[in-house]
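Go by the hints and put chain B onto chain A.
There are 2 protein chains.
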Amino acid sequence: MEVDEVVCLPRLSRVAVCGGTHGNELSGVYLVRELLKARKEAMKKKEEEEEEEEPASVLMVLSNPRATQQCRRYVDTDLNRCFTHATLSGPVSDMAPYEMIRARELNTLLGPKGSAEAVDLVCDLHNTTANMGLCLIAYSDCDWICLHIFRHLQRQMPDVPMRFIHFDVSRKESYSLDSVGKHGFAMEIGPQPHGVVRSNIYTAMKDGVQHMLDWVRSFNSGTTFEGGLVDVFTMVKHIDYPRDGQTHDITAAIHPELQDRDFCLLHPEDALFQTFSGETLRYKGLEPLFPFFVNECAYYEKGIALSLARKRHVMIPAVRVQTEAEQQTAEQGFASEEE
Amino acid sequence: MEVDEVVCLPRLSRVAVCGGTHGNELSGVYLVRELLKARKEAMKKKEEEEEEEEPASVLMVLSNPRATQQCRRYVDTDLNRCFTHATLSGPVSDMAPYEMIRARELNTLLGPKGSAEAVDLVCDLHNTTANMGLCLIAYSDCDWICLHIFRHLQRQMPDVPMRFIHFDVSRKESYSLDSVGKHGFAMEIGPQPHGVVRSNIYTAMKDGVQHMLDWVRSFNSGTTFEGGLVDVFTMVKHIDYPRDGQTHDITAAIHPELQDRDFCLLHPEDALFQTFSGETLRYKGLEPLFPFFVNECAYYEKGIALSLARKRHVMIPAVRVQTEAEQQTAEQGFASEEE
Numbered sequence: 001m002e003v004d005e006v007v008c009l010p011r012l013s014r015v016a017v018c019g020g021t022h023g024n025e026l027s028g029v030y031l032v033r034e035l036l037k038a039r040k041e042a043m044k045k046k047e048e049e050e051e052e053e054e055p056a057s058v059l060m061v062l063s064n065p066r067a068t069q070q071c072r073r074y075v076d077t078d079l080n081r082c083f084t085h086a087t088l089s090g091p092v093s094d095m096a097p098y099e100m101i102r103a104r105e106l107n108t109l110l111g112p113k114g115s116a117e118a119v120d121l122v123c124d125l126h127n128t129t130a131n132m133g134l135c136l137i138a139y140s141d142c143d144w145i146c147l148h149i150f151r152h153l154q155r156q157m158p159d160v161p162m163r164f165i166h167f168d169v170s171r172k173e174s175y176s177l178d179s180v181g182k183h184g185f186a187m188e189i190g191p192q193p194h195g196v197v198r199s200n201i202y203t204a205m206k207d208g209v210q211h212m213l214d215w216v217r218s219f220n221s222g223t224t225f226e227g228g229l230v231d232v233f234t235m236v237k238h239i240d241y242p243r244d245g246q247t248h249d250i251t252a253a254i255h256p257e258l259q260d261r262d263f264c265l266l267h268p269e270d271a272l273f274q275t276f277s278g279e280t281l282r283y284k285g286l287e288p289l290f291p292f293f294v295n296e297c298a299y300y301e302k303g304i305a306l307s308l309a310r311k312r313h314v315m316i317p318a319v320r321v322q323t324e325a326e327q328q329t330a331e332q333g334f335a336s337e338e339e
Numbered sequence: 001m002e003v004d005e006v007v008c009l010p011r012l013s014r015v016a017v018c019g020g021t022h023g024n025e026l027s028g029v030y031l032v033r034e035l036l037k038a039r040k041e042a043m044k045k046k047e048e049e050e051e052e053e054e055p056a057s058v059l060m061v062l063s064n065p066r067a068t069q070q071c072r073r074y075v076d077t078d079l080n081r082c083f084t085h086a087t088l089s090g091p092v093s094d095m096a097p098y099e100m101i102r103a104r105e106l107n108t109l110l111g112p113k114g115s116a117e118a119v120d121l122v123c124d125l126h127n128t129t130a131n132m133g134l135c136l137i138a139y140s141d142c143d144w145i146c147l148h149i150f151r152h153l154q155r156q157m158p159d160v161p162m163r164f165i166h167f168d169v170s171r172k173e174s175y176s177l178d179s180v181g182k183h184g185f186a187m188e189i190g191p192q193p194h195g196v197v198r199s200n201i202y203t204a205m206k207d208g209v210q211h212m213l214d215w216v217r218s219f220n221s222g223t224t225f226e227g228g229l230v231d232v233f234t235m236v237k238h239i240d241y242p243r244d245g246q247t248h249d250i251t252a253a254i255h256p257e258l259q260d261r262d263f264c265l266l267h268p269e270d271a272l273f274q275t276f277s278g279e280t281l282r283y284k285g286l287e288p289l290f291p292f293f294v295n296e297c298a299y300y301e302k303g304i305a306l307s308l309a310r311k312r313h314v315m316i317p318a319v320r321v322q323t324e325a326e327q328q329t330a331e332q333g334f335a336s337e338e339e
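Chains A and B are the protein sequences, given in the same order. Residue numbering for the first sequence follows this note's numbering, beginning at 1 and increasing consecutively. Residue numbering for the second sequence follows this note's numbering, beginning at 1 and increasing consecutively.
Some hints could be false.
It does not matter which identical chain is meant; a pair holds if it fits inside one copy or across any two.
To be verified - EDC-like, lysine to aspartate or glutamate: derived pairs with alpha carbons at most 20 Å apart: (1) 284 / 168; (2) 37 / 279; (3) 206 / 41; (4) 206 / 249.
Source of the hints: derived by calculation from the structure; they are not laboratory data.
If we strip away everything but chain A, and leave its shape as in the complex, we get (with noise of 0.2 Å):
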């Protein structure tokens, strides 16, 4: 690929932004309400006057509502787990769990998932109690509109430390809401307590909304973005808590020196966590990684109690929209090809 190559991508004339996928993660939720409430309003304006039309029509999803309404991660299962292909097309009783139910609806709603009609962009909003700060998280590397979208908000919002994650998952194996989009990512943003809401954490996801759909709406009307470097955190490996071996409770909590220190190197002997009785143990791996997810409270349970990313530099390409033109070609090729 020439850096000064345009690419040509299909318009995103549909987005969906969705929150409370975890019931808890509360900057989602009152973010979502809070939108729906605010277009309904302006709704209500618009009858009054004249009619203009969206640049790109954007769903407000509240994703668990049951989970929600009980402020819990999850009521059955964890909803976010429920989206791999196997899950979705699966044999499913009325005893099966809420969630695996629910999923099946948002995939109606939004997919479904690897379909033409599925909606072009999935924005799913999260909440982590580890020092993340904002993280864009996506299935993709070279996913040039996730790619785009993560410059946009870092040049926009300079105060908020800003990272682009990436888990090395296939389409098929990849689980979460935001893989039924035809690009999606999920905007996880720390630390927060699950069930609180806090301003500052709040704010910077409405931004982060906002600036997202200001640049979908500027790529739909024919602007090119320029290319360049953008830093990606790929995924290489969970790290467990210690835990006693009859009862398998944690013995250990995270180390003083690693808590809150997400995306700064974690070197050989460095350490890692410190026992109950007061013992310190350090990271045995023999590659310096970046640490993700510190202490991330629902992640007890998934036996993680951080995460190791490689980083690299990604070469993004010049972007534009594909014009009418271009797309119906495209769409042509793309019916030939499934004949």
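Same frame as chain A, but now just chain B:
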């Protein structure tokens, strides 16, 4: 009371340290487990050596095992509101909430509340998402034992911000586990998200409990502790979040200028909340007061966004333990009062 008069108080023979009264406040859960493990190992060792008498018997209690196992505050109802005389003495069926039944078990183990058989001191371990440092919370501002322990902790742990909070509630209406002992307080440490254990908070709690037990041992062995002034924060009122009249959902978060500023004087017209649409709401009280429990996760459902306190200086007298002769005289007095 003369400042140089030494108040003689009964020996503190039995102390209870309780963790997991709220099952997702993890410092106390892991600390009590660790202390139990350490004692088991010490007893094993002691069997081999000669027996040594402890200056006080220390009971370690995991208060709400079912909630702890599920990592939730409670299963059916808040255990730490179940220790009023009314709740402990009313009728109870097998259909009663789990925590009401558990409260009676704990009252049998550590009380009965208000009786001569009750343990001498209950220290109940808690965490908060609010930036409160280490607080002792008690129902009395003239319990010299609690206030002396507080002052001892303050002196021994100068790097930890520390306050004494007084809830002005009668003994009969006192509702929390620590009210079961002859003396008692909650040791509340934050900020820590519920469901998470942070090393620094765990270590502060461990040190706090150690210094508390050291003070008790020293008191029991006859040390005289000098009197002096202690700052006491007496709770004046709670403030709820602004809420939607119909849904009762909150419509604002704690203002960024107030967030994490527990115990920083709040003046009339200071910023209090930021609505989800971005508006600032101000404190309309007439008296400057000290905010605490600012944005505590568990209090959303209780309708408390923050509490406000008035600060006073309380003069505490010098104290020492009663001699055996003094204790016998006091007990005879108690017995004849009872007749």
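Hints, verified against the model:
Neither within a single protomer nor between protomers do residue 284 and residue 168 lie at most 20 Å apart by alpha-carbon distance, with minima of 23 Å and 53 Å respectively. For the identical chains of this complex, residue 37 and residue 279 are inter-copy neighbours only, at 15 Å across copies versus 52 Å inside a copy, given an alpha-carbon limit of 20 Å. Taking the shortest alpha-carbon separations for residue 206 and residue 41, only the intra-copy value of 18 Å comes in at or below 20 Å, while the best inter-copy value is 53 Å. Proximity of residue 206 to residue 249 under the C-alpha cut-off of 20 Å is restricted to the inter-copy arrangement: shortest distance 19 Å between copies versus 38 Å within a copy.
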